[in-house]
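Undergrad: Sequence:
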Amino acid sequence: MGEQRVSLLSDKSQMHRFVKQLLTDIRSLEYMLENDWFESGITRIGAEQEMCLVDNKSFKPAAIATDVLKKMKKDTWCETELAQFNLETTQEPRELTEKCFSLMEQEITGKLDKIRKKLESFDSDLVLCGILPTLRKFHLEMKYLTPVKRYHALMEAINAQLEGQAYELRLMGIDELLVKHDSPLIEACNTSFQVHLQVDPKEFVKMYNIAQTLAGPVMAIGSNSPIVFGKRLWHESRIALFQQSLDTRSSRYFMREKSPRVNFGNGWLQNSILEIYKEDISRFRVLIASDVEEDSGKMITKNKVPKLRALQVHNGTVYRWNRPCYGISPNGQPHLRIENRVLPSGPTVVDEIANAAFWLGTMVGMADEVDDIRDLISWEDVRDNFGKSAKFGIDSHFTWFKDQKISACDLILKKLIPIARKGLKKRKVNQKDIDKYLGIIEARAELHMNGSRWQLRAYTNLIKQTNRDEALTCLTAAIVKNQRKGIPVHKWKMPKLTDLKSYSPHKMLVEEFMITDLFTVRKDDIIELVADMMDWKNIRYTPVENSKGELVGMITSQQILNFYVNHGKNNGKQKTLVKDIMIKSPVTIDAKANVKSAMKLMKKHEVGFLPVVVDKELVGLITENDFLRISNRLIERKK
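Start counting the sequence shown at 15; every next residue gets the next number (this note's numbering).
All the pointers check out, no bait thrown in.
Calculated lysine-lysine pairs in the BS3-like style (CA-CA distance at most 25 Å, straight line):
1. Lys499 to Lys125
2. Lys321 to Lys34
3. Lys495 to Lys132
Hints were generated in silico from the structure; no laboratory data involved.
Kindly produce the complete structure, drawing on both the sequences and the hints.
TA: Here's what the structure looks like:
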């Protein structure tokens, strides 16, 4: 959840004090490692569960997190997240043995049930999903930021580092997303199921390199984030979205390399966990400072274990997908953990525990089978596998040990699951747990079905039948329904529009409803071009824009018809241009207006179209045909 007692760096002296404290923490950590202060000989696991809060009727984000938490004051395991529509729970650390996985499933399910009970009074529910399908760009405006000091400080600090004019999102999948955003709050799109593994300090290098190697395959089978703002993108779009949402870099003429704060790493870990911390301090400027003073150096001299708060704060602002973590065990000894941030939230709790069991089993099993994984696979292939997995998920093909080429499903079924089974058996994990959770991973691979594949199939089918908003609503409603039943995702049925009990499109905003794939012309284009284009694409309304993308007029099919009736198709030697007949001041509407207002405006002005304009820029179009489609769907629902 991160250190909450932080502040924005206000002056150079505060910066210098914090950096000095940070360097002292590094030296203290180095001393503790050299002198065997760390707990060893025990393997503990833990997890953090992130979730989205949604309205029960619209299944869109419900910005009620702080209000919900007021009703859960005694439940310290539940905390805020970056956005007001997110919550996070922490699970109790437990040893990797016996019924650890079934106990963790029971714990998470029990906590989610408690949250759901509190949500009833808000007519809301929770959703476990890497990226909520109904989330829209306007939900990521700063007014949705959770009013916590740490989050405000972090947002301001990241904005201060921004080199360009805005944060840019660029992803290409089935669809394409190309959009700018004015704040790093877009990070709040992502919800994860973060799994922790405590490791012995002497084994940290070996275990961390194994974690890096397994990141691609583990993400491939567990991907659950394919839809962003109604666009079908990467199977695990969280990876690109998280990096780009906090990427303050701008493009340059010269190819100077600068790492983003969200990254996979730049090479194998060689000798110590200290390499990661030292690299992150060297590469990334301090963003925020700890409000609590702690001289870790003096504590070390007194033989006391420090919290290393400065190091913890800085580590919390650098987002490695396998993050090193320092902590203090109940017995007072410090320990080291690897935090797996690759896994998305959902599709169900049982799916999440299956992902955790697969990762943890393969981690400890692989450590038993190989001395040094760097001898079997190159760093470049590991990084390439990670990138492929983010894009293609369960459809990926990897380069594995000894340069073997293998599909994700074959790799998991033939090589990794057997290793995971051996690893869990050696740790004396309950056999029923092993069979249950690894059986889910096996079924996904055999059926070639995980959360992302299910969402992509379902959504593609739904948008062929209705508008994008209803399709996303129906999809999210089905996710909620299946999660409540606890059915693993490979058994989910495809949703049908008739499954959605109610749908109220009148509350939609124009930007949720408008057409954005527009065919436009310029005012100096000839009428023949417009006429043929409208005929080819079977459209009735064509916006006229200038070179800056600003709306300057509209052409309708009726105008084209009237022109040819009056002048004929051959208009002599004189060429008629768009500007000669276009509507020069069309009625427009803002993207933030609701659909009901749009209907009233069209009726008032007796027009069949409304260009959507933001700061003079044309961003979309609404026509009477769009309203007709919604009306038909509502009529069908009442039959």
